[in-house]
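Fit chain L to the known structure of chain C by using the hints.
Spelled out from the first residue to the last, the chains are:
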Amino acid sequence: MRKIKEFIIEKLILISGLASIFFVILIFLFLLKEGLALFKIESPLNFIFGKSWYPISDPPQLGILPLILGSLMVTLGAAIISIPIGVGCAVYIAEIAPVKIKEILKAGVELLAAIPSVVLGFVGMVTLVPIVKTIFHLPTGLTALSGSIMLAFMAMPTIVSIAEDALYSVPKNYKEGALALGATHWQTIWRVMLPAASSGILAAVMLGIGRVIGETMAVMMITGNAAVIPNSILVPVRTLTATIAAEMGEAVVGSEHYFALFAIGIVLFVISFVINVTADLFLHKKE
Amino acid sequence: MRNPYRTQKIAFFFLLLATLLIVIPVGLIVVIIIQKGLPAINWQFLSDIPRQGMRAGGIFPAIVGTICLVLGAIIFALPIGLLAAIYLSEYSKDNLLTRIIKLAIINLAGVPSVVYGLFGLALFVIFFKCGASILAGSLTLGIMILPLIITSAREALESVPQTFREVSLSLGASKWQTIRHIVLPNAIPGILTGTILGLGRAAGETAPILFTVAAFYLPQLPKSIFDQAMALPYHLYVISTQVPNVDEKIRYGTALVLLSLVLFMNLVAIVIRYKFRKKKKW
Numbered sequence: 001m002r003k004i005k006e007f008i009i010e011k012l013i014l015i016s017g018l019a020s021i022f023f024v025i026l027i028f029l030f031l032l033k034e035g036l037a038l039f040k041i042e043s044p045l046n047f048i049f050g051k052s053w054y055p056i057s058d059p060p061q062l063g064i065l066p067l068i069l070g071s072l073m074v075t076l077g078a079a080i081i082s083i084p085i086g087v088g089c090a091v092y093i094a095e096i097a098p099v100k101i102k103e104i105l106k107a108g109v110e111l112l113a114a115i116p117s118v119v120l121g122f123v124g125m126v127t128l129v130p131i132v133k134t135i136f137h138l139p140t141g142l143t144a145l146s147g148s149i150m151l152a153f154m155a156m157p158t159i160v161s162i163a164e165d166a167l168y169s170v171p172k173n174y175k176e177g178a179l180a181l182g183a184t185h186w187q188t189i190w191r192v193m194l195p196a197a198s199s200g201i202l203a204a205v206m207l208g209i210g211r212v213i214g215e216t217m218a219v220m221m222i223t224g225n226a227a228v229i230p231n232s233i234l235v236p237v238r239t240l241t242a243t244i245a246a247e248m249g250e251a252v253v254g255s256e257h258y259f260a261l262f263a264i265g266i267v268l269f270v271i272s273f274v275i276n277v278t279a280d281l282f283l284h285k286k287e
Numbered sequence: 001m002r003n004p005y006r007t008q009k010i011a012f013f014f015l016l017l018a019t020l021l022i023v024i025p026v027g028l029i030v031v032i033i034i035q036k037g038l039p040a041i042n043w044q045f046l047s048d049i050p051r052q053g054m055r056a057g058g059i060f061p062a063i064v065g066t067i068c069l070v071l072g073a074i075i076f077a078l079p080i081g082l083l084a085a086i087y088l089s090e091y092s093k094d095n096l097l098t099r100i101i102k103l104a105i106i107n108l109a110g111v112p113s114v115v116y117g118l119f120g121l122a123l124f125v126i127f128f129k130c131g132a133s134i135l136a137g138s139l140t141l142g143i144m145i146l147p148l149i150i151t152s153a154r155e156a157l158e159s160v161p162q163t164f165r166e167v168s169l170s171l172g173a174s175k176w177q178t179i180r181h182i183v184l185p186n187a188i189p190g191i192l193t194g195t196i197l198g199l200g201r202a203a204g205e206t207a208p209i210l211f212t213v214a215a216f217y218l219p220q221l222p223k224s225i226f227d228q229a230m231a232l233p234y235h236l237y238v239i240s241t242q243v244p245n246v247d248e249k250i251r252y253g254t255a256l257v258l259l260s261l262v263l264f265m266n267l268v269a270i271v272i273r274y275k276f277r278k279k280k281k282w
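Same order as they appear, the protein sequences are chains C and L. Residues 1 to 287 in this note's numbering are what the first sequence lists, from first letter to last. Residues 1 to 282 in this note's numbering are what the second sequence lists, from first letter to last.
In short, the hints are calculated from the structure, not lab data. Incorrect hints may have been included.
To be verified - If you only want the chain C side, here are some residues facing chain L, beta carbon under 10 Å, derived:
id, residue
1, ARG2
2, LEU112
3, PHE122
As the list claims (entries may be wrong) - Distance windows between CB atoms, simulated:
id, chain 1, residue 1, chain 2, residue 2, range
4, C, ALA107, L, ASN42, 22 to 32 Å
5, L, ALA56, C, THR127, 18 to 28 Å
6, L, TRP43, C, GLU103, 29 to 39 Å
7, L, ASN245, C, LEU29, 39 to 49 Å
All C-beta atoms, glycine included, are put in the ideal place defined by N, C-alpha and C.
Only chain L is shown next, with the shape it has when bound in the complex:
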């Protein structure tokens, strides 16, 4: 006999199981990294250069390198991304061009990260002769996070009610004045959220920086944007696959620092979004 309620119970059980199969491993991954990485974290680990072929010492140059790369990427991507979002939300009409732009953004978001690496190598490192440098790596990462910034900034701009614009325009403000003084200030939290998520994404990516900036072992800080630099994700890759006999503690410690950096940025973004939602006036 087929009892629909029993079928429902069985089905819901499997759906719950599927959900747990995702959520529990995620929790485990984070717990394992924190548990095994935490003993490695101390001031020396965070502030010292790597020593003895990366088997001892700290990860300071990698942290600095990642921060430089991420800042460079955002300096490049934020202005272009924000202006592009303004174009899409305020100026574009519903026509073929807009459709193509949207399709281009989707594709840019879908290009495999290692292909960005190839592109950065061919364009910035070789064609523009930047060499493997922070500049080349930042630009590559910047183009990679551009679609994320555009999409989130556009959502933020579009969520500003149409009436705000109409009132401003009817008071005699020009289109740009309306955008500058009415639309943008109201969209700032959303734009900020997207920017921070972009920072997090750029900080964690490895493949795009493999051939554009990352130094295998460079126990000093970069002096200019034309220098190579170490970076946290690449450093983690190197010490977990390329260098034999690295202490487990150092690997987990590096993973923990990288994970914390990325999750911290995501957390900040979530907090901003949450606060904004509560304060929303419309």
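Extracted from the complex, chain C is given alone in its bound form:
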């Protein structure tokens, strides 16, 4: 009797172990199921390189180039802001901060990770957007720049915590060796610690960027949502994620618009898949 019970439980454990694989495949299949229908109507090239996104005009124009460029611009801006600050903060916490302050700083970074994105979006709307508007004398503060700044904050916790782990995992004798040779603490960090931790830091940066590309709510509330090809960082843009979130509510199930939004979902899924697999390779290289 006990044997049977254990047999069943162990099978359940195995099935649950496989559940993650099952869900990843299920997500991909359902995105394909709904999204691929678009390509019976629209060629994939026109979809990705089409310059106009007018999903409800007749006939609908479903080119996502403006959205891709919007995502790219916001992501690039966020990366430029968050990488130096995030890595710098990780170095400070891992190497320089006194033990007591270290715990407070780590708590601060964790706190940032815990704040829901819709709350950050709201705060950005009421504080950052008016500031950007006044500084640059713009008709609206809902711009790619505002989105980049806000998204940089959402990428930082990821970058800091993973880069910090990478720095901790550098063997202690590297550091001791450098210091014993007379290098200053900073020279040790710059010439020894950072190069030794480079693959982990690269993974941290990639995962941070992955977080930014996938971010939806804050970006939808702050970037102004204009689906046009951006010509500067100070104009409203619309990202891939925001397009899905903003339009799926109105898209008729089974319409071209509906299929197109799922096709955008496929694009996002593939991007995040590539980023996560590559980052994982970098993290494992280290071991």
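Showing chain L alone in chain C's frame:
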């Protein structure tokens, strides 16, 4: 002349600056929300339905909706996540399958939240014909927090010393008895921490519930899991972008309630982790 100590001073100054650039805004965000949100919080705000097109009244249905969603998500994700963690920490061998499972977990954690929303719409709402409902939203959120639960539960299980298992097995206990009576009880605090963090994550997410459950304006409580419901994060989004002329106070108040809910859960998780670390016997 290049003085290495001066270079070090300058470099450390910039590192400190980078750190402050993260920590100070975080503090400011929390302070602003508390300062401006607190005046809106009173019993009526927490217990009343929204009135006058969400420009007055309270947020009670949104609070209830979020609690239902979060509980539903955890009821779904905890058993699967825990069993999956047991598989990874106790049964899996170092082979290709394990590698693929780990990669799948990483990917599941990295899928953009709005893609979860699409998936939930296609599978639960349309394919299984649940309609936009608490059930569909809970399942979507459940799958989303699964990787978090698996990872933290696995860490908790793996931190139980190997000798505990060996002693139990050598006394004639079966593998499952060992897991059930020795490994699991010692890993409970860690599992609990992960579960609570998962709850917090699910409570704050908006994109996955946009098309699977969230009701724009529904001034009544859900009667069953097949009903639509309001939810706090979506409600905050709606009143700050979709409805004009909402009193600032109501927006900040809603943001404060959501933030408090999420931070409270994180705080509980941190306290459990801290207490456990102090009590750790090995």
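Next item on the list: Hint by hint, work out which the structure violates, then give me just those numbers in ascending order.
Entry: none
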